Structure formats: C-alpha cells, structure tokens
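Add chain G to chain C, keeping to what the hints say.
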Amino acid sequence: MSNINRRTLVKGSLAAAIAGTSLSRAAFADSAEPILLGVSGPLTGPNAQYGTQWKQGFDLALDEILAGGGINGRKLAYQFEDSQSDPRQSVAIAQKFVSDPKIVLELGDFSSPASMAASPIYQRGGLVQFGFTNSHPDFTKGGDFMWSTSVSQADEQPLLAAYAVKKLGLKKLAVLHLNTDWGRTSRDYFNNAAKEYGAEIAITEGYIAEERDFRSTLVRVRDANPDGLVLISYYSDGALIARQARQVGLKQVICAASSVYSPKFLELGGDAVEDVHVGTRYFPEDPRPEVQKFIAGFKKKYNGLEPDAFNAYAYDAMNMAAAVVKIGGPDRKAIRDAFAKVKDVPSVIFGTATFDVATRRVKGAMNAELVVRKGQFSLWDGKPT
Amino acid sequence: MSSWLDYTINGLIVGNVYALVAVGLALIFGVSRLINFAQGSIYLVGAYIGWVAVVQLHTPLPLTIILVAVVAALVGLIIERFGLRPLQNSVRIAPLLATIGISFVLDQLVMLTFSPNPRALPSQLPDVRFQVGGGTIGPLDLLIAGVGISSALLLFVFLRYSKLGWAVRAASQDRDAAMQMGVDVNRVNQAVFGIAAALGGVSGLLVGMYYNQIDTAMSLQATLKGVVAEVVGGAGNVPGAVVGSLLLGLVESYGVAVFGTSYRNLFAFLLLVVVLVLRPNGLFASARQAPPEPLTGTFIAPSRPVRIPRWALALAVAAFAILPLLPVSFYVLQTLINAWLLGMLALSLTLVAGTVGQVSLGHAALLAIGAYTSALLSLALNVPVGLAIIAGGLMSAALGTILISPSFRLRGHYVSIATLAIGEIVSLVILNWESVTRGPIGISGIPPLSLFGYDLISPTSIYWFSFAVMVVLALLQARLLSSHLGRSFRAIRDDDIAARAYGLSLNRYKSLAFIFGGFAAGVSGGIAAHLYSYINHETFNTQQSILALTVVILGGLGNVVGAIVGAVALVGLPEVFRIAAEYRILIYGIVLLLLVRFRPQGLLGTI
Numbered sequence: 002m003s004n005i006n007r008r009t010l011v012k013g014s015l016a017a018a019i020a021g022t023s024l025s026r027a028a029f030a031d032s033a034e035p036i037l038l039g040v041s042g043p044l045t046g047p048n049a050q051y052g053t054q055w056k057q058g059f060d061l062a063l064d065e066i067l068a069g070g071g072i073n074g075r076k077l078a079y080q081f082e083d084s085q086s087d088p089r090q091s092v093a094i095a096q097k098f099v100s101d102p103k104i105v106l107e108l109g110d111f112s113s114p115a116s117m118a119a120s121p122i123y124q125r126g127g128l129v130q131f132g133f134t135n136s137h138p139d140f141t142k143g144g145d146f147m148w149s150t151s152v153s154q155a156d157e158q159p160l161l162a163a164y165a166v167k168k169l170g171l172k173k174l175a176v177l178h179l180n181t182d183w184g185r186t187s188r189d190y191f192n193n194a195a196k197e198y199g200a201e202i203a204i205t206e207g208y209i210a211e212e213r214d215f216r217s218t219l220v221r222v223r224d225a226n227p228d229g230l231v232l233i234s235y236y237s238d239g240a241l242i243a244r245q246a247r248q249v250g251l252k253q254v255i256c257a258a259s260s261v262y263s264p265k266f267l268e269l270g271g272d273a274v275e276d277v278h279v280g281t282r283y284f285p286e287d288p289r290p291e292v293q294k295f296i297a298g299f300k301k302k303y304n305g306l307e308p309d310a311f312n313a314y315a316y317d318a319m320n321m322a323a324a325v326v327k328i329g330g331p332d333r334k335a336i337r338d339a340f341a342k343v344k345d346v347p348s349v350i351f352g353t354a355t356f357d358v359a360t361r362r363v364k365g366a367m368n369a370e371l372v373v374r375k376g377q378f379s380l381w382d383g384k385p386t
Numbered sequence: 031m032s033s034w035l036d037y038t039i040n041g042l043i044v045g046n047v048y049a050l051v052a053v054g055l056a057l058i059f060g061v062s063r064l065i066n067f068a069q070g071s072i073y074l075v076g077a078y079i080g081w082v083a084v085v086q087l088h089t090p091l092p093l094t095i096i097l098v099a100v101v102a103a104l105v106g107l108i109i110e111r112f113g114l115r116p117l118q119n120s121v122r123i124a125p126l127l128a129t130i131g132i133s134f135v136l137d138q139l140v141m142l143t144f145s146p147n148p149r150a151l152p153s154q155l156p157d158v159r160f161q162v163g164g165g166t167i168g169p170l171d172l173l174i175a176g177v178g179i180s181s182a183l184l185l186f187v188f189l190r191y192s193k194l195g196w197a198v199r200a201a202s203q204d205r206d207a208a209m210q211m212g213v214d215v216n217r218v219n220q221a222v223f224g225i226a227a228a229l230g231g232v233s234g235l236l237v238g239m240y241y242n243q244i245d246t247a248m249s250l251q252a253t254l255k256g257v258v259a260e261v262v263g264g265a266g267n268v269p270g271a272v273v274g275s276l277l278l279g280l281v282e283s284y285g286v287a288v289f290g291t292s293y294r295n296l297f298a299f300l301l302l303v304v305v306l307v308l309r310p311n312g313l314f315a316s317a318r319q320a321p322p323e324p325l326t327g328t329f330i331a332p333s334r335p336v337r338i339p340r341w342a343l344a345l346a347v348a349a350f351a352i353l354p355l356l357p358v359s360f361y362v363l364q365t366l367i368n369a370w371l372l373g374m375l376a377l378s379l380t381l382v383a384g385t386v387g388q389v390s391l392g393h394a395a396l397l398a399i400g401a402y403t404s405a406l407l408s409l410a411l412n413v414p415v416g417l418a419i420i421a422g423g424l425m426s427a428a429l430g431t432i433l434i435s436p437s438f439r440l441r442g443h444y445v446s447i448a449t450l451a452i453g454e455i456v457s458l459v460i461l462n463w464e465s466v467t468r469g470p471i472g473i474s475g476i477p478p479l480s481l482f483g484y485d486l487i488s489p490t491s492i493y494w495f496s497f498a499v500m501v502v503l504a505l506l507q508a509r510l511l512s513s514h515l516g517r518s519f520r521a522i523r524d525d526d527i528a529a530r531a532y533g534l535s536l537n538r539y540k541s542l543a544f545i546f547g548g549f550a551a552g553v554s555g556g557i558a559a560h561l562y563s564y565i566n567h568e569t570f571n572t573q574q575s576i577l578a579l580t581v582v583i584l585g586g587l588g589n590v591v592g593a594i595v596g597a598v599a600l601v602g603l604p605e606v607f608r609i610a611a612e613y614r615i616l617i618y619g620i621v622l623l624l625l626v627r628f629r630p631q632g633l634l635g636t637i
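Chains as they are written, first to last, in our numbering: chain C, 2 to 386; chain G, 31 to 637.
In isolation and in its complexed conformation, chain C is listed as follows (with noise of 0.2 Å):
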C-alpha cells in the first residue's frame, strides 16, 4: 500500500508541476481567453432533446452576458459534452472536466443515474457539479460541491394540490405519474398536500417513459371514478394522456405539474389539452421584466420560437453560473464558496434566486396558475371549467 500511495505522490506532483506550468501560463495568457464552463448532457440518444433546449437557452444567456460586459471583462464559454445521459460517459466526462484546468465550473447531467455516478468525481476533484434539472432528493447529498437550481418538489408539489383542491373545487383525484425518481417523489409530495387539503386520492399509476397507449390505464382510471385527473408528466406523454383520456370519453377536469408547459403540449395535444389547468413556474404574460427580456430575446435569436420549460431552466442556470463566477473569480474553491454569497440574481423561474445554503437548492419558485384557453396557455381566470 505504501508502494502505491509513494507512486501516486510521485504521480500527484508531477501532475501539480504540469498544472502549475499550464496555470501560469494561462496567468500570462491576454484575458480575451473566456472563462469555460463544462456542460455533461445528452446530445444524442433518447434524450437528445433535452441537450438541444439546453444550448438554445444557454446561448442567449451568453449572448446576453456578453453585451453586458461579459464577466469582468472577460467573456464566458461552455464546452458541451455529450453523455447521452449515460452514467459511464458521464464519469469520464467528470474526469475529463475535473482534470483540465481551464473548467471552472460545471452543468448538468441531466438524469440521475448520469448526474450523481459522477458527483463523487466533481467532489473530489473540487470541481462544482451545478445539475439545474436535478430534482433527485439525494443529489446535493453527494457532497458541497453538489449545487442546484432545480425546483424543489417539495415547494412545488402543494402549490398544484392547492390549485386542484382548494382552488378548483377536485375533492377524489386520480394521480398519473411518470415511474422515475422525479415523478415518484413528486406524486409522495403532491399526495401528502392534497391529503392535507381534504381531497381523497382514489388511485395513482406510475408508467415507464416509453409508454404510449394509455387506454388501459384510463379505464382503471375511470372505474375508480374521480372528479379531476392530476398528470405528472413531461410534454410528451402529457399531451398523449389528455388525448386518449378524451378518447375513451373521461370528461373530468385535468391538472398537470409544471414539466408539461411547453408550447409543444398545445401542439401534440390539440383540442384534447384545451382547459387543461397547468401550476407553472413562468408563462409568457408574466409582466416581470426577467420574463419579458427572456421571451423576446429567445424568440428574436430563434425565428421566433416559442420558449419552453427547459429553454428557461437552462436560461437560469447560465445566469446563476455566471453571477457566481463573477463573485468567485475563475477559481475553483473560490466559485464553490460564491454559491452561498450570491444573492438574488434575476431569474425567469425564482423571480429572484438565492440558494439555501443548508439544502445548496434554490427556495421559493415562483408560481402562476394556467389554464389553456382556445389552445393558448392563459392566467386562470378562476371560473370553474
């Protein structure tokens, strides 16, 4: 053993040399060099979407810190690694991004498996691992380089039981959920709050995110003979349940989490999505100007695209990373300690975001109550559908 540790300190110090030499060369180096950020996502394979709506709403972002004078006159970059969300690729990501010294700082993965087989890398590395769309309840338990912006199912969850139950009057609800670790802690959260609201859950399904035919559940669904049906569900397969619901003729009231508000719902759900009631953390009509200055701009630079969920989650973590690298500096420990300094940065999803420092999650999202109206997304206007 002794053997070995002499080796990796031999190892060790011959790696510090080398760093040392590349770090003061990059001290030498004009600052017109950027600041990089490393991005572990999926490009490719079932989740490529989700990579691409990341870029989308990380550019703007950059684009825009850039014409403010990027940080400290330096611009900011991402390095974009392709995971396909695969915790063996994510790992060498990891250490790829841990080992090279011009990361300061990285995003994502965004599935869990990929996300936390990586953090015990970016912990020992110092390298802090900022996963925006981890709502896994054990991922800032990986350590205190693990930090994140993703919604709290645990703040959000009740505000939609409290839309379905207190606001719109659904006391025996049918739960849809998908089978994944977001979706299951979600449904534990949105139950124990509608409970606590008087409504009885008369049944809950959890299916796999490949499914497509509903049918079948929803005749489950049906006997069991509820007065509102809630959705946990991303886009897609909301959009598929609220038309099959339709189809097999359940004329109930349908709630869904906020996943499923993308501009994509209206168009893969059609007539079926219509009164739909959506708890949601920003919708285009938000008068705030963080709202405003990110629709406008996302849709002039994108042929006027219409930005969704994750466009805006990506948005705010490009954001939040480079408020806390411009506190921080472009040093590693020194970003890690910014994360509990930096204090309401504007933010489409927080209104203004501050992290808890105890949890390294972001409290408070904002909330609005949507319903769509003649296939647009619209404020609730309280009238009972």
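If you are wondering where the hints come from, they were derived from the structure by calculation, not from laboratory data. Treat the hints with care, as some may be off.
Residues of chain G placed beyond 10 Å of chain C at every Cβ, according to the derived structure [claimed, not checked]: (1) V100; (2) Q203; (3) A207; (4) N216; (5) P414; (6) V459; (7) V598; (8) V601.
Here are the simulated distance ranges between beta carbons [to be verified]: (9) C:D276 <-> G:P414: 31 to 41 Å; (10) C:K294 <-> G:P357: 42 to 52 Å; (11) C:N193 <-> G:I179: 26 to 36 Å; (12) G:F289 <-> C:N193: 21 to 31 Å.
Because the structure is a prediction, the values reported are computed rather than measured. We put the beta carbon where it would ideally sit given N, CA and C, even for glycine.
Frame of chain C, contents of chain G only:
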C-alpha cells in the same frame, strides 16, 4: 364487468399497432432467417416522411400513404443491396449485427435532419368517434386494423399462390437448392425487403397519426414490441405475427387491468418467455417447419484466430499496468476503467455466446443483479465492499443461470430473443420491487470501492483494482477454455447433436458456462455500483447488452483477448469521436457496419 369489454377492445387496438411492425419483421425472417433490428428505424423514417408530406406538402391521405410506402421501400432496397447482400456468405450473426448498425445510422440521420424534438403528426381522417362499450373507436383505429390484417392476408396469399411467393418460400427453406432450381434469390430478397420496408414505413405514419406525435426515440420500442409479437406468433409466420400482436396487446391490457400500469411491459415479456418455453417455435410454427439452425456452430466463420505470442501479451499487460505511473490524465484512466468493466462483461458474454453458442441480448441484467446485490449488502448489512462484490458475482451466477435455464432448449435466434426478454424482466422487477430495490428512486450513497480497509478513491487505484480483477478473470477463462471442459463447450457449439450423442449433457454444460459467465458479469456490475455510488433500474439497460454483443463479435467469438481488445476499442471509439458531438453515434454505426462487412470473424478471429 363492462370494463372487461373495454380492456379487450383497448388490447385489440394496441395489438393492431404492434401488428403493423410485426408483419414486416415476420416477412423478412421468413426469407432471410434474420431478425431485422432496422425495421423500427424504417418505421421512424416512414413517420418523418409522413410528417413532411402532411405538414409541409399538404398531401391528401392516399397520396401520403403512397409517398411514404415508396420512400420507405427505397430505403429497404438500399439496406438490402448495400448493407446485407454483401454479408450473404459470412457468419449468421453478421447480418443481425449489421441491422443494428443500420438502425444506428438511420436513427441518427433522422435526428440530425429533423432535430430530436417531438413533432405533431396530425391525422388526416375525420375526427368522429363511435361508442363501443364504455369507450370509443375512431376511423384511424379501423384503418390501422384494416392495413394490418389485409396486408397479412395479402402476403399470405402472395406467399402461397403466386410464383414469386413460391420462390420466396423456396429461398427461405433452402437457399442453395432454390438457386439451383433457377430462383433468382437476390431478386426475391429485394422484393421482400421492399415490401417489408414499405409496410414498416406506412406503420410509422399510421402510428404517428394515431398518437399525434412522432419523435426520434420511437424506433427501439417499436422494434422490441414487434419482435416480441412476431416471435410469440412464430417467427416467419405472417398470419402468426398478427395473432401474436393481438395476443400481446390483450395480455398487456389485462395485465394493466389486474395489476396496474407499472406492470404492463413485465407481462409482455413474460408472455414471450412462457410461449418460448412451451412452444419453442412460437404458437403457429408448423410441425413440418425445419428446425432453426444454431446461430453459431456450423455457421461460425472459418477463420484462423490471430495467435498472439505469450511474451507480447505479457508485455501488453505490463504496459497497461504501469500506465498510471506515466503522466496520463485521469480522463484516460477513467476511460480505461470503463473499458476494463466492459471487458469483464465481454469475457462473460464471449464465453456463453462465443464458446457455447448461446447468444445473449440481455446480458446487462447480470450487471444489474451484481450491482444491486453488492450495493444492498454493503449498505444494509455493512458487508465489506470486497466481499459484497464477490457476493454480487455469485448472485449473478446463481440467479442468472436459473433465469436463463428455461431457454436452454431453444436454438438459433430464439435464444437471443429469450435472453432479451429476461433482461427486460429483470429491469422491470427492479423498478417494481420497491421494498427491496427502492424502485425508481434507485440506491444512492453506495460506499466507495475498498480493499482490506483501504478506500480506493483515486482513479489510479480504481484503475489498478479493476485491471487486476479483469486480468485474473481472463486468465481463469483462458485456463478453462484450454481444459477438457472448454473443449466440451466448443463441441456443444459446433454440433449439439454430435455432442449429445457423445454423451455430453447439454443443459449441464450450458449451466456451467452461465455460472462462470454470470460471475464475471456480476463482479463487473458490483464494481460499477461502488464506483458510481448511485444506481437505478436504468443504469444497466438494453443498450449495454447490445454494446457487449458488439464487443464480443468485434473481438472474435470465444476469444478471450479479443473480448478485451474489443472493449477497449468500443469504449475508446466514442471517446475519440467525442469532438464530433452529435455525429459520433452516426460514425460509430458506420464503423460497426464496415467492421461487420470486412472482418466478420472479428479482429482476432473466432476460437
């Protein structure tokens, strides 16, 4: 009680959807004895061509269908001509692997052209619904049923009564004899691929309209369900594929009715295993049908394996052993750690698939069993990590062998389909058995690797540890293969009838192979669990099983050194192409196709 009518109707409707894919698969299997894993990709292409036609060109429905059928048929012809025909005389498994490579390429091309975002594909039929039972049926449901059943009928009539149909059946029974009787086998193959691809494309269009959404991830699921339906009905039997699909739809629907949504796919794959065990050739296999050929055996490529001299191997091992002492980055070490873990899995698979001839498409399940066993033992019972990993290996050996044993009487492609099903079943049991596996939440906080009380945390020590374990497993396996036992294994692969006549108990030897193989895979999974510190049911998925099979074939079936070389190559390739970002899976698919085409016996040859 009325609900049961609804479950039945729903089951039949979704069964219709499966039938569209299964009929095309059955047709191709009937002629080429090939499970076409690219059928789902043609279905994907059809859906996107349909989207272009409907949304951009505003074609009316009949024209849309014709357009999709023609383009898809063209794609099918190209696949047959350039992807599969050159492989006619190579190992039986080469075309199977080629179809996997083709599906990578097609899926990626569609993704790069249309972006991975899901799109709406509006139905061009009027939106009227007829009340049936408690639910409703629409015109599209009827159209899908009509296309599925009438295409099956037409194909049946074509195969039975037309001259080209006879030629197709003759070619499927005995290719050489058919050729001698003047049948142009290539033309037959082309006709079949064209028809099957047109059907596949139209099914993508109709299913896309049915759900009003298409996305680039839909192809693998379509292939999986189509293969299950086809094999249940009796591979190669066109009407059987329809009945198999309807049965699959019904079983899923009733499964949801009784046990709930999260058990849906579990019942689909259980149905497959039960049918395979009771009727190994599917429900509609006729007694006169020739028995399926073993997949390897007499079809193994006659190659002279590359013999690497011992001193060179020793030198290579020494070079890899001292690598961490050189100034290489942790990224390189981590990539090689991945390669060593994949190497252990490949050793396991090359033993069962290469040496004994039982091609497994569900090998990731063994990783999962090892990983969960080791993680749970060390977390819940505080078993030292080293022992927990060994226990994981033993559990994989025991459980894996028990699970796989019903498939020992199967032959040919049926073995790979059965193992595919068992892989899915293990993953679904992990998802649903929450009290033990924590279900979708997964297991987090798994303690790091340690040995004799020392934590192995640095990439250097993990590298040495996994490399040493792999080398030991490889040496044991090499010793095994050169023994009497190893020769018995190869005898079973090469000619199981002769082996049985000689007095070898096939089941016992196959079990032995799975016990050894299961241990290596379980150890690999156990190490991965402690390395990642978090695992869930998706960590070890079908993609990994396919990757492992690719490694084994790339290295050379049954070849111990080949398995490791293959693992290094296939972990390395995507890393080398990492700069190519979105294009790298495309490149990977093309490299795979070229390898299968020009070196079907693998880099180091079959032993």
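Now the hints, each set against the structure:
no. : hint                          : in the structure
1   : V100                          : holds (26 Å)
2   : Q203                          : holds (37 Å)
3   : A207                          : holds (43 Å)
4   : N216                          : holds (35 Å)
5   : P414                          : holds (16 Å)
6   : V459                          : holds (13 Å)
7   : V598                          : holds (13 Å)
8   : V601                          : violated (8 Å)
9   : C:D276 <-> G:P414: 31 to 41 Å : violated (58 Å)
10  : C:K294 <-> G:P357: 42 to 52 Å : holds (47 Å)
11  : C:N193 <-> G:I179: 26 to 36 Å : violated (48 Å)
12  : G:F289 <-> C:N193: 21 to 31 Å : holds (25 Å)
Violated hints, in rising order: 8, 9 and 11; the structure is consistent with all others.
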